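Each chain, letter by letter, is given below.
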Amino acid sequence: DIVMTQSPLSLSVTPGEAASISCRSSESLVYSNGYNYLDWYLQKPGQPPQLLIYLGSNRASGVPDRFSGTGSGTDFTLKISGVEAEDVGVYYCMQAVETPLTFGGGTKVEI
Amino acid sequence: EVQLVESGGGVVQPGESLRLSCVASGFSLGSYWMQWVRQVPGQGPMWVSRIQSAGGYTTYADSVKGRFTVSGDSAKNTMYLQMNSLRVEDTAVYYCARAAVGGGDALDVWGRGTMVTVAS
Chain A
22 DIVMTQSPLS
32 LSVTPGEAAS
42 ISCRSSESLV
52 YSNGYNYLDW
62 YLQKPGQPPQ
72 LLIYLGSNRA
82 SGVPDRFSGT
92 GSGTDFTLKI
102 SGVEAEDVGV
112 YYCMQAVETP
122 LTFGGGTKVE
132 I
Chain B
54 EVQLVESGGG
64 VVQPGESLRL
74 SCVASGFSLG
84 SYWMQWVRQV
94 PGQGPMWVSR
104 IQSAGGYTTY
114 ADSVKGRFTV
124 SGDSAKNTMY
134 LQMNSLRVED
144 TAVYYCARAA
154 VGGGDALDVW
164 GRGTMVTVAS
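From first to last, the protein sequence lines are chains A and B.
If you want my numbering, it's the position in the first sequence, counting the first as 1, plus 21.
If you want my numbering, it's the position in the second sequence, counting the first as 1, plus 53.
The hints are simulated quantities; they were obtained by calculation from the structure and are not laboratory data.
Treat each hint with caution, since some may be false.
Cut-off 25 Å, straight-line C-alpha distance, at most; resulting in silico cross-link-like pairs (DMTMM-like, lysine to aspartate or glutamate) [unchecked claim]:
(1) A/K65 to A/E107
(2) A/K129 to B/E69
(3) A/K129 to A/E107
(4) A/K65 to B/D161
(5) B/K118 to B/E142
(6) B/K118 to B/E54
(7) A/K65 to A/E48
(8) A/K100 to B/D161
(9) B/K118 to A/E107
(10) A/K65 to B/E54
(11) A/K129 to A/D96
(12) A/K100 to A/E38
(13) A/K100 to A/E48
(14) A/K129 to A/D86
(15) B/K129 to B/D161
(16) B/K118 to B/E69
(17) A/K65 to A/D86
(18) B/K118 to A/D22
(19) B/K118 to A/E131
(20) A/K65 to A/E105
(21) A/K100 to A/E131
Among the chain B residues that face chain A by a calculated CB cut under 10 Å, a handful are [said to hold, decoys possible]:
(22) V90
(23) D115
(24) G119
(25) Y133
(26) Y148
(27) A152
(28) A153
(29) G157
(30) A159
(31) L160
(32) W163
(33) R165
(34) M168
(35) V171
Okay, the calculated bits of chain A under chain B, using three or more residues with CB under 8 Å as the criterion [claimed, not checked]:
(36) 40-48
(37) 75-83
(38) 118-127
Predicted, not measured: the structure shown is a model, and the values here were computed from it.
Ideal placement from N, C-alpha and C gives every residue a C-beta, glycine not left out.
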């Protein structure tokens, strides 16, 4: 199975500050079509995960442009350009290049 | 509105069975790869199974292979997860989720989950 490793485990930020979360995979996430099969999710308290970024760098529908995803191969980063109060929760990366789909351990973002 | 609603969770003893349902609205379930993902409260999500019911394709995590069966009913626009020989370690919130078309299997729609507790 592909192991996904996130850092840091937690992040305490001030509203308006930038935040960055790292995700590393044990194998390349580049699919045969050249795309990186790496997604980012935010799970707010009491809710299911919600998709933020797909294929490494594409924002999902309705996701504010303060969220951006970069990276390729085995190293990926989620950046929030100016954290808002509604961004609190646990962020997960997930690889979808092969089954079993696997998630990172999560990064808890607090204000 | 595109929506997924799970049901069927509950409290059972080890070795017993449960069948979870996931009703889709706003889209045709058979046109997508549909997933089951579970999450122990306080831990990260874990992928369980997936199905592309139009083609009859299914895949399972090793930890549930041989015990869980995923299926779909296009007439009811519903996906099921039959869970047999349940173990204490199967205790979790079970979510169904849709894999986006053209999105590299990103999970773009999730249900709110149903809780399964396996305890003696």
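Checked hints:
For the suggested pair A/K65 and A/E107, the alpha carbons sit about 9 Å apart, so the restraint of at most 25 Å is met. Taking the CA atoms of A/K129 and B/E69, the gap is about 35 Å. The hint is violated against a cut of 25 Å. A threshold of 25 Å between alpha carbons decides the hint, and for A/K129 with A/E107 the separation of about 13 Å falls inside it, so the pair holds. Between A/K65 and B/D161 the CA atoms are separated by roughly 15 Å; this keeps the pair inside 25 Å, and the hint holds.
Proximity of B/K118 to B/E142 is assessed by CA-CA distance (about 14 Å); at most 25 Å being required, the pair is judged to hold. Note on B/K118 and B/E54: the hinted pairing is violated, with a Cα-Cα distance of about 33 Å set against a maximum of 25 Å. Only pairs whose Cα atoms come within 25 Å are accepted, and A/K65 paired with A/E48 is rejected, the gap being roughly 28 Å. Distance restraint check for A/K100 and B/D161: the Cα-Cα separation of roughly 20 Å lies within the 25 Å cut-off, and the hinted pair is therefore satisfied.
Proximity of B/K118 to A/E107 is assessed by CA-CA distance (about 38 Å); at most 25 Å being required, the pair is judged violated. Under the criterion of a C-alpha separation no larger than 25 Å, the hint pairing A/K65 with B/E54 is consistent with the structure, at around 21 Å. Between A/K129 and A/D96, the direct Cα distance comes to roughly 19 Å. Compliance with the 25 Å bound is thereby established for this hinted pair. As the CA atoms of A/K100 and A/E38 are separated by approximately 11 Å, the hinted pair is consistent with the 25 Å bound.
Under the criterion of a C-alpha separation no larger than 25 Å, the hint pairing A/K100 with A/E48 is consistent with the structure, at around 22 Å. Among the hinted pairs, A/K129 with A/D86 is consistent with the structure: their alpha-carbon atoms are about 20 Å apart, no more than 25 Å. Of the pairs offered as hints, the one joining B/K129 and B/D161 holds, with about 21 Å between alpha carbons and a cut-off of 25 Å not exceeded. The hinted pair formed by B/K118 and B/E69 meets the criterion: a straight-line CA distance of about 16 Å does not exceed 25 Å.
The straight-line distance between the Cα atoms of A/K65 and A/D86 is roughly 18 Å, inside the 25 Å bound, and the hint therefore holds. Of the supplied pair hints, the one linking B/K118 and A/D22 holds, its CA atoms being roughly 15 Å apart against a limit of 25 Å. Straight-line distance between C-alpha atoms of B/K118 and A/E131 comes to about 37 Å, which puts the hinted pair past the 25 Å bound. For the hint pairing A/K65 with A/E105, the CA-to-CA distance comes to about 13 Å; that is within 25 Å, so the pair holds.
With a C-alpha separation of about 15 Å, the suggested pairing of A/K100 with A/E131 holds against the 25 Å cut-off. Because the smallest distance between the Cβ of B/V90 and any Cβ of chain A comes to about 8 Å, under 10 Å, the interface hint for this residue holds. Given hint, B/D115 at the interface with chain A, holds; its Cβ is 7 Å from that chain's nearest Cβ, closer than 10 Å. Hint status for B/G119 relative to chain A: violated, with the closest Cβ pair at about 15 Å, above 10 Å.
Given the 10 Å rule on beta carbons, the hint for B/Y133 is violated: about 19 Å separates it from the nearest Cβ of chain A. Using the Cβ-Cβ criterion of 10 Å, the hint placing B/Y148 at the interface with chain A is satisfied: the shortest such distance is roughly 5 Å. Contact between B/A152 and chain A, as hinted, is supported at the beta carbon level, the nearest pair being about 8 Å apart and thus within 10 Å. The interface hint given for B/A153 is met, as the beta carbon of that residue sits about 7 Å from the closest beta carbon of chain A, less than 10 Å.
Because the smallest distance between the Cβ of B/G157 and any Cβ of chain A comes to about 5 Å, under 10 Å, the interface hint for this residue holds. With 10 Å as the threshold, the beta carbon of B/A159 comes within range of chain A, its nearest partner Cβ sitting at about 4 Å, so the hint holds. The beta carbon of B/L160 is positioned within 10 Å of a beta carbon in chain A (closest approach about 6 Å), and the interface hint is therefore held. About 4 Å separates the beta-carbon of B/W163 from the nearest beta-carbon of chain A, less than 10 Å, and the hint is met.
For the restraint placing B/R165 at the interface with chain A, the shortest Cβ-Cβ distance is roughly 6 Å, inside the 10 Å limit, so the hint holds. Taking 10 Å as the C-beta contact cut-off toward chain A, the hint placing B/M168 at the interface is violated, the least distance being around 13 Å. At about 21 Å, the closest approach between the beta carbon of B/V171 and any beta carbon in chain A exceeds 10 Å, and the interface hint on this residue is violated. A count of 0 residues in the segment 40-48 of chain A with a Cβ less than 8 Å from any Cβ of chain B is obtained; the coverage claim is therefore unmet, three being the minimum.
Judged by the Cβ-Cβ criterion of 8 Å, the segment 75-83 of chain A is covered by chain B as claimed, because 5 of its residues qualify and three suffice. By the rule of at least three residues with a Cβ nearer than 8 Å to a Cβ of chain B, the coverage given for the segment 118-127 of chain A holds, with 8 such residues.
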